[in-house]
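Enquirer: Chains Z and P, in that order, are what the protein sequence lines are. What the first sequence shows, in the working numbering, is residues 1 to 283, in sequence order. What the second sequence shows, in the working numbering, is residues 284 to 566, in sequence order.
In short, the hints are calculated from the structure, not lab data. Careful, some of the hints might be misleading.
[Claimed, not checked] Across the chosen pairs, the derived CB separations fall in these ranges:
no.	chain 1	residue 1	chain 2	residue 2	range
1	Z	Gly242	P	Gly525	45 to 51 angstroms
2	P	Ala383	Z	Ser114	48 to 54 angstroms
3	Z	Glu225	P	Ile564	49 to 55 angstroms
4	Z	Ala23	P	Leu504	41 to 47 angstroms
5	Z	Arg261	P	His316	45 to 51 angstroms
6	P	Ala418	Z	Pro190	31 to 37 angstroms
7	Z	Gly242	P	Asp352	56 to 62 angstroms
8	P	Arg377	Z	Glu265	47 to 53 angstroms
9	P	Ala418	Z	Ser236	19 to 25 angstroms
10	P	Gly563	Z	Arg261	35 to 41 angstroms
11	P	Ile564	Z	Ser114	32 to 38 angstroms
12	P	Asp340	Z	Glu239	39 to 45 angstroms
13	P	Arg377	Z	Pro190	26 to 32 angstroms
Beta carbons are placed, not taken as given, at the ideal position from N, Cα and C, and that holds for glycine.
Protein chains: 2
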Amino acid sequence: MGSRMAANLARAGHEVAVYNRTAEKAEAWVAQHGGRVAATPRDAAQGAAAVITMVVDGPQVEQALLGDDGAAHGAVPGTLMIDMSTIAPADARRIGAALAERGLAFVDAPVSGSSPKAEDGSLTIMAGGSDADVARARPFFDAMGEKILHVGELGQGQTVKVISNAVGATNCATLAQALVVGKAAGVDLPSLVSVLGASSGASYMVTLKAGPMLEHDYTPLFRLEHMLKDVAICLSESEAAGAPFPAAALAHELYAAAMGRGLAEQDFASVLEAAEGLAGIRI
Amino acid sequence: MGSRMAANLARAGHEVAVYNRTAEKAEAWVAQHGGRVAATPRDAAQGAAAVITMVVDGPQVEQALLGDDGAAHGAVPGTLMIDMSTIAPADARRIGAALAERGLAFVDAPVSGSSPKAEDGSLTIMAGGSDADVARARPFFDAMGEKILHVGELGQGQTVKVISNAVGATNCATLAQALVVGKAAGVDLPSLVSVLGASSGASYMVTLKAGPMLEHDYTPLFRLEHMLKDVAICLSESEAAGAPFPAAALAHELYAAAMGRGLAEQDFASVLEAAEGLAGIRI
């Protein structure tokens, strides 16, 4: 995702300094798109108007921005830091507070959309932060995304992202259960999927995951362990906010059971295996 | 729905005899579309190649086909009976068995799609029955529907229909909970809805019900009591088949609690009130 997003920044005329833990990847990117390879995040931030991180989780963002060779040490005061990874909202708030102490601005701006959308610059970007900071980030977002939403304060971009993923995960777990019920009841499953896709039961998950489920094809597009992590973050947030989310809690239980079946690195469609296990039926 | 479906049969060149408990409705239909008014279902079946019922529930279908003035008494042996209502699969099987004793064929063929789709003949029709019976019903289906699926044996059209409605009901209840969680966490709800519609959380329910939920507008398109009935039928079927459907069971609990709040005749989007009640938060 990150390399494709950076390519769109370069295409929009921004000078890009790239850092990747695997130097060869950064070198290959620069060979293709121009800009320069940075030796460290600190180096990448030298002279930069903005620093953008796109990594796996909160600790990685913290390391990249605030670690020994972190970008915070290379940036001049007032520089805008933008994290576009999906991390816990609490991590985003903590990192934002630490950056603020150094006079650095921070916006959390996770994205929705797969690699093709990163490639053609049509990501959905949900930004959390002050009006002024999000406005400063806007030109960069315009280069990478199509739908750009300022959803609330710092951390709330992440909150919206994990709620959205939790809804997707829940719809997917519901679909898995429905297919198992259909099988148990003896209906033709491709017909059931066809009806689901053309009725009140339609969802992006039916479009995307019903086919692979019927084939038990779990080639990973988004790993089950990552989806489980996002649902868990959503539940932490909803619990802290005092609003139960029982549908997502039930889905979490099924994804966790699928993890227990060794499916962590498979696509999250493999939650089907937990639904099959519940019923003792294979579709 | 029934009057619009019958109009498409007439347009396709079928001679239609119409019966409605309110005679004026049948007379108005005939004045517009031709055919004849039948005094009873028995009368409607006289000389008919097929009898089609479109009513509210299993007891009404049973009355129309097997009651004192039921169509079974007016039909010659071999006549095809087609029920396009949404009823319990067990009711469809029982009615089918009673008709078979009289030498009458039966297909259950519930539909998906609202009044506009009934009007322009683009319904999704999911048929259960023998290959021969469904083949005989096909010309009638072609006049009324766009996507016509033979999903299994007698009763399984209904099974697919209630599974599909249960998935829709569950996705809708999940959406309601997500909006309450978003409100509790302080995010901008229209932005959350916009992200949901453009992400893995997208569903027909987000498209159709998120707007009314934000307005607390429960103008009935499909009543909560009817959705609850369909979810309950789905759960009976899944339990009888030995496959648990916990996501639908959880949704059932929320719709039932919304019923207890006096929302039976409101749109099923009012399940939001039960989700708000869980959290003690109004969105």
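Enquirer: That 45 to 51 angstroms hint for Gly242(Z) and Gly525(P) (C-beta), does it hold up?
Expert: 38 angstroms, violated
Enquirer: Holds or violated: 45 to 51 angstroms for the Cβ distance of Arg261(Z) and His316(P)?
Expert: 57 angstroms, violated
Enquirer: Could you say whether the range 56 to 62 angstroms given as a hint is met by the Cβ separation of Gly242(Z) and Asp352(P)?
Expert: 58 angstroms, holds
Enquirer: If I claimed the Cβ atoms of Arg377(P) and Pro190(Z) lie 26 to 32 angstroms apart, would that claim hold in this structure?
Expert: 28 angstroms, holds
Enquirer: Check the following: the C-beta atoms of Gly563(P) and Arg261(Z) are separated by a distance inside 35 to 41 angstroms.
Expert: 37 angstroms, holds
Enquirer: Verify the CB-CB distance for Arg377(P) and Glu265(Z) against the hinted window 47 to 53 angstroms.
Expert: 49 angstroms, holds
Enquirer: Does the Cβ pair Ile564(P), Ser114(Z) satisfy 32 to 38 angstroms?
Expert: 33 angstroms, holds
Enquirer: Given the hint of 19 to 25 angstroms, is the C-beta distance from Ala418(P) to Ser236(Z) inside that range or not?
Expert: 55 angstroms, violated
Enquirer: Does the Cβ pair Ala418(P), Pro190(Z) satisfy 31 to 37 angstroms?
Expert: Given about 19 angstroms between the Cβ atoms, the range is violated.
Enquirer: Can you let me know if the beta-carbon spacing of Asp340(P) and Glu239(Z) is within 39 to 45 angstroms?
Expert: 41 angstroms, holds
Enquirer: Between Ala383(P) and Ser114(Z), is the Cβ distance one that fits in 48 to 54 angstroms?
Expert: Given about 51 angstroms between the Cβ atoms, the range holds.
Enquirer: Given a hinted range of 41 to 47 angstroms, is it respected by the beta-carbon distance of Ala23(Z) and Leu504(P)?
Expert: 58 angstroms, violated
Consistency with the previously given hints fails for numbers 1, 3, 4, 5, 6 and 9, ordered from lowest to highest.
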